[in-house]
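A.B. asks: Construct the complete structure from the given sequences, taking the supplied hints into account.
There are 2 protein chains.
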Amino acid sequence: MKPSIPQVSAPSDELIEKMNAWWRAANYLNIGQIYLKANPLVKEPLTVDHIKPRLLGHWGTSPGLNLVYVHLNRLIKQYGLDVVYMAGPGHGGPALVANVYLEGSYTEFFPEITRDEAGLLKLFRQFSTPGGIPSHVSATTPGSIHEGGELGYVLVHAFGAVMDNPELIVAAVVGDGEAETGPLEGSWKGIRFINPERDGAVLPILHLNGYKISGPTVWGRESDENIARFLEGHGYEPHFVEGDDPAAVHRDFAVCLETAILKIQAIQKEARENGFTTRPVWPAIVLRTPKGWTGPKVVDGLPVEGTFRAHQVPLSTVRENPTHLKMLEEWLHSYRPEELFDENGTFRADLYALAPAGDHRMGANPHANGGKLTIPLDLPDFSDYAVPVPSPAKERIESTRELGKFLRDLYKRNPHNFRLFCPDETNSNRLGAVFEVTDRCFVSPLIAIDDHVSHTGRVMEVLSEHNCHGWLEGYNLTGRHGLFATYEAFAMVADSMSMQHAKWLEHCRHIPWRKPVPSLNYLLTSTCWRNDHNGFSHQGPGFIDNLINKRPEVARVYLPPDANCLLSVADHCFRSTNYLNAIVIDKQPQLQYLTMEQARAHCARGADIWTWCSNCPPDEEPDIVLACAGDIATQETVAAAWLLRQHLPSVRVRVVNIVDLMALPPRDKHPHGMDHTDFVRLFTEKGHVIFAFHGFPGVVHQLIHGRPDQDRFHVRGYIEEGTTTTPFDMVVLNKMSRIHLCQDVIRHVPRLAGEETRLLQATEDLLQKHRRYVREHFEDLPEIADWVWTD
Amino acid sequence: MKPSIPQVSAPSDELIEKMNAWWRAANYLNIGQIYLKANPLVKEPLTVDHIKPRLLGHWGTSPGLNLVYVHLNRLIKQYGLDVVYMAGPGHGGPALVANVYLEGSYTEFFPEITRDEAGLLKLFRQFSTPGGIPSHVSATTPGSIHEGGELGYVLVHAFGAVMDNPELIVAAVVGDGEAETGPLEGSWKGIRFINPERDGAVLPILHLNGYKISGPTVWGRESDENIARFLEGHGYEPHFVEGDDPAAVHRDFAVCLETAILKIQAIQKEARENGFTTRPVWPAIVLRTPKGWTGPKVVDGLPVEGTFRAHQVPLSTVRENPTHLKMLEEWLHSYRPEELFDENGTFRADLYALAPAGDHRMGANPHANGGKLTIPLDLPDFSDYAVPVPSPAKERIESTRELGKFLRDLYKRNPHNFRLFCPDETNSNRLGAVFEVTDRCFVSPLIAIDDHVSHTGRVMEVLSEHNCHGWLEGYNLTGRHGLFATYEAFAMVADSMSMQHAKWLEHCRHIPWRKPVPSLNYLLTSTCWRNDHNGFSHQGPGFIDNLINKRPEVARVYLPPDANCLLSVADHCFRSTNYLNAIVIDKQPQLQYLTMEQARAHCARGADIWTWCSNCPPDEEPDIVLACAGDIATQETVAAAWLLRQHLPSVRVRVVNIVDLMALPPRDKHPHGMDHTDFVRLFTEKGHVIFAFHGFPGVVHQLIHGRPDQDRFHVRGYIEEGTTTTPFDMVVLNKMSRIHLCQDVIRHVPRLAGEETRLLQATEDLLQKHRRYVREHFEDLPEIADWVWTD
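Line by line, the protein sequences are chains A and B. To convert, take the position in the first sequence, counting from 1, and add 136; that gives the working numbering. To convert, take the position in the second sequence, counting from 1, and add 136; that gives the working numbering.
Read the hints as simulated data drawn from the structure, not as lab findings. A hint or two may mislead.
If chains are identical, the list can't say which one is meant, so a pair holds when it fits in one copy or spans any two.
The calculated lysine to aspartate or glutamate pairs, modelled on EDC-like cross-linking and capped at a C-alpha distance of 20 Å, are [what the hints assert, rightly or not]:
hint	residue 1	residue 2
1	Lys-213	Asp-495
2	Lys-548	Asp-520
3	Lys-822	Asp-847
4	Lys-179	Asp-478
5	Lys-871	Asp-804
6	Lys-822	Asp-845
7	Lys-548	Glu-474
C.D. replies: Here you go:
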């Protein structure tokens with residue numbers, strides 16, 4: 137669908153002239169931020185005393201970012217648009233800051249950065265200065281939800297932001313360096329998941345300036361013809377603008393951008409008035425301008441403008457080299473700041489008038505401070521989904537299937553601000569109940585045999601953890617709610633995205649005007665212990681390790697052992713803000729332990745003694761503590777406790793289950809940390825603890841640092857052993873089976889010392905028997921696999 | 137450049153018939169592996185007793201993989217080609233195993249899997265069976281270097297494999313599920329780095345069967361026109377084959393594949409005879425066939441062949457459902473096994489003759505067992521690059537610049553089997569000396585202002601950690617050497633790739649016929665401590681956490697504190713095989729501590745006492761141990777020791793430096809672990825240890841688990857604090873500064889208890905003074921930043 141739109145003509149020369157003046161001002165402010173600590177309007181001859189001691193920042197991409205900004209301003213005003221600007225090359229931070237300052241929103245967020253010479257100076261001095269603002273687009277930059285520090289995510293963030301935001305347009309500038317990354321290349325496909333009836337639009341602006349830090353860029357060196365084919369292949373209609381003459385580029389870009397906006401509006405009008413038919417061909421812009429455009433052309437005989445040498449600070453030795461200082465002075469004067477700022481240093485009123493007003497200013501757009509727009513989820517009562525548990529560890533059900541029912545009703549009650557993101561595993565992960573009320577979203581041709589696929593579905597399935605994670609980030613940061621459900625091992629594909637999102641949230645927490653946004657919720661399922669059919673590559677719990685490094689104020693890890701705990705934890709996560717919540721639980725039928733009432737209390741405490749499978753009253757000192765965190769770890773622990781009751785009834789065993797992993801560290805390390813009294817109540821002061829853990833044992837070792845006498849904690853967990861095998865063989869291979877746990881008990885309960893050899897031999901025989909059986913019969917020895925529940 | 141080639145005609149009907157018979161056999165073996173534990177040739181009526189108890193495997197993709205195999209065989213024979221087959225959809229493991237068995241190479245690697253009925257049965261029984269072979273393509277699959285378990289990497293592995301392998305063709309099957317991942321989408325660009333004069337060729341075969349696990353695929357639903365544009369935009373000439381009639385598809389695919397091979401040969405001939413001119417337009421194939429082709433068409437009234445229901449086991453309840461069992465029997469008989477295998481169960485000789493001979497068989501290709509072809513690097517003597525260190529901690533140099541010189545000469549001596557891979561940061565990381573002997577490789581148009589860029593360069597710069605990592609994996613696994621140099625924080629982009637590569641190596645170590653391959657070496661530079669100009673997003677040492685979870689037999693982490701240690705460590709890593717070696721060191725000017733002789737001894741030990749900055753003879757008990765690992769950690773520790781000597785000379789301080797992080801865990805946890813005596817010699821038995829660590833403190837806490845009395849270790853490290861600021865402010869923000877280390881000493885040396893309050897106040901005043909200074913002056917207080925070396 138390519139709707140026809142009227143021919144667009146260029147703005148008047150007068151308007152172009154004014155826009156160019158804004159652009160000059162933005163470029164000037166960029167350079168000021170990089171270089172100046174005094175003399176902000178170069179009213180005096182420039183001296184070394186005016187120059188910052190450390191010259192930081194990236195000039196190369198900035199003029200292009202500035203150009204796009206002022207042109208968007210024109211169309212926002214003209215058409216009353218709602219636009220968020222995302223800068224892929226976020227190291228052009230000073231460009232965004234400059235424009236947000238010029239339009240006036242910056243001063244509203246930071247009143248000390250006044251719209252006069254004193255404010256200008258503060259603006260310059262704070263940049264890349266201790267206690268000031270960072271050099272990249274950051275949480276401190278009004279109007280942004282995207283740093284662009286780690287390249288690759290501008291389009292996924294943009295697509296996530298416009299989902300269910302029908303009036304929103306995200307102008308997403310993709311640098312040609314960023315365009316080389318895998319995640320970015322994998323994100324062009326986003327339009328195949330955007331429905332113009334209900335979603336907003338992303339306008340990609342591929343900004344080619346030809347170089348990265350040192351080398352040429354892949355797309356920068358490609359012909360227009362090949363770039364056009366590439367974008368057409370992805371379903372876009374590309375529009376090209378190229379040049380280095382500002383006046384000509386202003387004219388061409390104005391026409392191009394307006395054409396693109398009109399196309400977007402026509403597409404949306406058509407779909408909204410006549411209903412969605414086929415996927416539209418969305419516009420995309422390719423803008424080729426020189427790197428470091430309007431900067432020094434030649435320095436010390438080497439070309440700079442238009443080359444990689446313009447990437448960061450093109451004149452880097454102005455403090456030492458008087459010639460360079462002179463060049464900087466001329467460069468600053470070349471923008472004629474005296475024409476742009478009045479005698480007070482205030483941006484000229486007629487230029488300021490180019491900016492839209494109020495929340496239409498991109499620096500003030502509420503979507504970019506999503507907490508302002510957040511509507512808490514209308515959550516069903518999770519206890520309505522309770523699984524009856526008449527007695528613990530008897531029945532097996534698929535816990536995530538129960539969560540699926542909860543999610544189904546969550547969708548029903550929140551039809552426009554909740555989405556599930558998943559790499560094509562919703563059914564596989566037993567969350568299929570959601571398909572009773574919605575479909576997989578796919579904005580491509582559909583055929584009869586498709587199963588719950590539609591243009592209007594809100595289950596976002598795409599085989600890309602990068603897309604899922606990034607879309608959800610964009611959705612969250614614009615104030616909406618979601619869940620990223622993934623095979624546990626492949627969450628690591630998005631490790632670095634979670635790191636960057638955590639950093640953004642960590643930063644936001646210290647900025648008062650940033651309102652809390654819904655948490656990014658992960659469901660890590662199809663876990664390492666039960667990917668026994670897929671094998672070694674699908675067995676990796678490392679995402680937990682990644683998450684516990686985040687600042688305690690944002691990171692949460694939950695390991696519900698059963699369905700009722702899962703429901704309680706999920707409810708908690710969906711109510712929370714500004715966290716990364718990882719919920720780890722498998723999808724296979726698993727034992728159920730707690731009634732809903734018990735689960736609710738257990739999850740509220742985070743960790744507690746399970747008296748029903750302990751062999752020692754909770755207020756008495758046990759011989760040994762069996763601790764567990766994670767569904768399979770819990771199963772093996774409960775089974776080990778049962779085995780011990782059968783075979784060594786004199787050993788006093790206490791079972792402790794941990795749902796909230798962050799209850800383990802001391803309170804001063806994490807706000808969820810148990811206080812010392814509680815820790816000792818659970819784990820005793822000095823006694824041995826056999827700890828079965830879902831993930832790598834080192835996670836527990838590092839979390840309990842600071843707790844009394846850590847050496848007594850003996851942790852079993854995933855030790856990177858695996859293959860395609862049986863479920864019980866997996867716990868045997870990783871030495872976390874019930875039998876291994878019993879062996880640890882035998883080793884660490886002093887009173888068994890006399891019997892140790894005999895008992896260990898007996899348990900070893902059991903393991904051998906199992907191994908023989910499994911190799912001959914392709915399945916687990918039934919009486920071992922089911923020991924605990926055949927009781 | 138599109139060379140013309142002769143018109144290709146289809147093979148004779150007779151040959152097509154034979155190839156189809158091979159294909160039927162391969163398909164049959166697929167199903168046998170999934171289902172049968174007895175009656176391998178269905179000579180008897182099928183009963184439940186013949187069926188495995190757990191039905192595992194992925195049928196959907198397998199017929200397509202089988203088709204490609206037999207057609208490659210024909211052309212390998214006809215043209216004497218050297219081909220490695222990489223299966224993106226590696227869950228089609230039984231397909232590869234089937235073909236490798238049919239061609240005879242499997243039996244050479246696994247003599248017990250004989251070419252008769254008994255062998256067939258073993259082949260079936262071992263699949264997805266405990267103690268057998270995994271369900272995915274794995275290290276046990278002859279001819280493979282690519283598992284395809286975590287989707288996304290088939291093309292990067294393929295491109296890495298053909299670099300500097302001029303005669304090699306990698307046929308890389310890209311599934312349409314995989315094609316949706318970011319890393320895969322980001323890897324089509326590989327041809328822009330392949331020079332037909334010196335490199336081999338990758339033939340991508342985009343295999344579209346329309347569905348992932350449950351949902352339709354992006355490319356599967358796209359028009360041929362859009363797919364063609366997409367591939368053309370990337371520089372390929374796409375060839376399409378589509379169908380579900382085996383005979384027709386055989387004919388079409390035979391012509392298509394032969395055309396593609398002839399084009400590759402023509403491209404290479406042209407470039408090798410007449411020299412490289414412009415980037416060729418390489419062929420790519422798009423193959424559309426039904427998912428689960430030739431499998432059950434309808435099951436229980438629902439369509440299966442050609443739908444997502446064919447993804448795994450299309451008849452999953454044959455043990456319970458007699459109708460399904462009957463359908464399975466019919467399905468097996470539909471391939472007419474009695475025509476394919478003789479009375480002994482041996483594959484029919486005239487079909488077997490379709491396979492190439494010896495190492496031309498894809499299962500026997502030596503490139504896929506790269507250790508067989510590995511030539512150890514001709515290493516220059518690293519001590520020739522020694523930095524003179526007349527006295528420690530006086531001079532500052534950029535350590536990685538010295539490594540650059542070593543790498544330069546490494547390139548010189550090893551012109552065809554060493555490459556550096558880097559996301560456009562070779563110069564930024566101070567490794568620019570390599571450009572004295574080689575260039576950045578870029579097979580696109582070049583222009584005059586490019587700096588050391590050529591079609592023949594061997595420095596592989598692309599702004600994609602996925603490409604860099606994946607290419608190097610492919611290069612390593614085919615027996616060649618390399619280094620992936622990256623900004624430390626962005627190594628995490630490839631976290632999951634490192635996990636999967638580690639798993640591959642872990643598996644290989646237990647397969648005798650897999651020869652050791654060169655280690656995958658990482659240089660993590662531009663580290664968290666000195667990305668003070670780029671800020672928070674560039675500050676993340678989490679890759680270390682990721683690596684230490686790998687099995688100890690493959691993971692190594694080195695933190696050389698200075699240039700001479702770096703050279704010694706690098707030399708060691710380049711000599712090693714089958715490891716992932718991470719070397720962590722910054723690029724900024726940094727203090728030098730050890731002479732080359734000292735460095736060599738220090739690195740050999742992995743960790744040792746530095747007497748020159750200790751305040752206590754090594755054989756006497758210190759009041760406190762100051763331990764450090766990492767360049768900035770070492771700098772702060774050495775400075776703290778100096779401060780203590782100045783201000784608290786009575787405190788007996790021992791400084792311990794750790795280069796090899798894996799020296800910390802007990803020997804039974806890691807082969808590099810120090811023995812207990814050494815550990816106590818360095819860290820004492822009971823004394824407090826103030827440990828300054830490069831990364832997250834939890835890393836040290838988990839590594840020292842099992843060492844005596846871990847509670848006495850007080851670890852300072854990166855605690856996720858950062859922004860754009862000064863170098864010293866970074867260590868202050870993260871509480872790892874020399875002053876913080878002194879404060880820890882004051883807290884933990886009992887004899888200072890009386891003075892504790894006064895001393896802590898004095899040090900706190902110092903910190904306050906620094907903070908004020910840095911905010912006013914944009915730089916570090918000189919006398920604090922340089923305290924140690926202005927002595």
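A.B. asks: Each hint: holds or not?
C.D. replies: A quick look at each hint next to the structure:
Taking identical chains as interchangeable, the C-alpha atoms of Lys-213 and Asp-495 lie at most 20 Å apart only when both belong to the same chain, with a minimum of 11 Å there against 69 Å between chains. Taking the shortest Cα distances, Lys-548 and Asp-520 sit within 20 Å of each other inside one copy (15 Å), while across copies they are farther apart (71 Å). With identical chains, the CA atoms of Lys-822 and Asp-847 are at most 20 Å apart both within one copy (10 Å) and between copies (13 Å). For the identical chains of this complex, Lys-179 and Asp-478 are intra-copy neighbours only, at 12 Å inside a copy versus 96 Å across copies, given an alpha-carbon limit of 20 Å.
Within a single copy, Lys-871 and Asp-804 get their C-alpha atoms only as close as 33 Å, which misses the 20 Å cut-off; across copies the closest is 15 Å, which meets it. For the identical chains of this complex, Lys-822 and Asp-845 are neighbours both inside a copy (7 Å) and across copies (13 Å), given an alpha-carbon limit of 20 Å. Within a single copy, Lys-548 and Glu-474 get their C-alpha atoms no closer than 59 Å, and across copies no closer than 56 Å, so neither meets the 20 Å cut-off.
Checked against the numbered hints listed earlier, the structure breaks hint 7 alone; every other hint is satisfied.
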